[in-house]
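Each number in the numbering used here corresponds to the 1-based position in the sequence shown with 2 added.
Note that these hints are calculated values from the structure, not bench results.
Yeah, the Cβ is synthetic: ideal placement off N, Cα and C, and Gly gets one too.
Heads up, a few of these hints could be off.
[As the list claims (entries may be wrong)] Okay, the calculated beta carbon distance ranges per label pair:
#, residue 1, residue 2, range
1, R62, E118, 32 to 38 Å
2, V129, E51, 32 to 38 Å
3, D122, R192, 27 to 33 Å
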Amino acid sequence: MAPEIPEDITANDLDGEVRAELMSLAREVADRVARHLVAAGTIIDEDAELALQHAITARRLASRIAVVREAVGLAAYAAGDWTTAIAELRTYHRMTGRQTHLAELADCERALGRPERAIDLYRGADVEKLEKATAIELLIVAAGARGDLGQHEAAVAMLQIGELTAEGNAEWAARLRYAFADALLAAGRREEAREWFARAAEVDEDQVTDAAERLLELDGVTIEGDDEDEDEDAEAVTDRGPSNEDDSDDDDQDEDDDEDDEDDEDEDDDDLGEDDEDDDDLEDDDADLDDEDEDEDAVVAATDVNTDGLVKSAPGSKVSAVTFSEPAESESGKPVEAEKSVESEKSVEGEKVVADKPAGSVAKSEEKAAGDESTGQADAEEKPKA
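Construct the complete structure from the given sequences, taking the supplied hints into account.
So, in structure tokens, the structure goes:
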């Protein structure tokens, strides 16, 4: 969504040379682009984010206009959007063939943690074709990149140029002396740094640097306004003290509640674990009972003669006497082994029948047998009397 343009801003407020580059656009579009560019330039020092939005809106309307891409790059640089600034300023350089924003590009590389690239930009620049202010600004950035790499003495050496002691109060003079003083201080040369901070403050009429404050800091001078601000901050912290204690008490109470809940959950888990152990014991008992049943079945199935053949054959099948070699004959004329086999088969079948019958049926059979036996005895006793 495009930001709203203040009503007091008109297209005529844009610089004539810049507006001439918009002549290739339709009049309405050119006016809107011009107003957005004016709005961006007006508020860039106060609200860089809003200025960037105005510049981006102008780019949507006129992306092939070099001055528009330049405006986006500078607004992004002011807003700290280093990646966008690099992309847009490089595009501007390609479209125009100029190298007017090498210092901004090098500074963006430093901000992204790539000081080596900033130094490479300085080395690859054609300094003779650059304006003095642009060349000195690029030098200052390159020296700062040396400091980022811990090469403080190299930074001091880079900044020792003729313009350092030149007369005049140009803006670049104050910035150059300030950078030199800062490099000296980083290199541990405190007294020399104090001297150059003082010389920077002398030519800094527009106060583009904080050389005066740095000089006072080195002298150990404290501004009264700073003490008042510190006292106000201390009072604010004191006022917030009880509330912080209450908050800490509440936090402790919440932690205690959480610990109680965790203990309850642990107890529930222990109970569940005991229930699981009981279930496992029951399952083990059932398994033991099953094993005992299997043992009983094995005992019932055991026989003295030819058990393997009987178990493997179908119910009611007989073992042939032919399978035995040279069977002996009994008194009845039948082979001894055959008689034993038949008797064993009958006994095994009898055991199987008993094993397969329910407990109730076996009990009834025993009662019936007992009754028949008593009846037989009674009949035997009555016969002598007769």
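The hints, checked one at a time:
1. At about 35 Å, the CB distance of R62 to E118 agrees with the hint of 32 to 38 Å.
2. Look at V129 against E51: about 34 Å separates their beta carbons, and that is inside 32 to 38 Å.
3. Between D122 and R192 the CB atoms are about 32 Å apart, so this pair conforms to the stated range of 27 to 33 Å.
The structure shown violates none of the earlier numbered hints.
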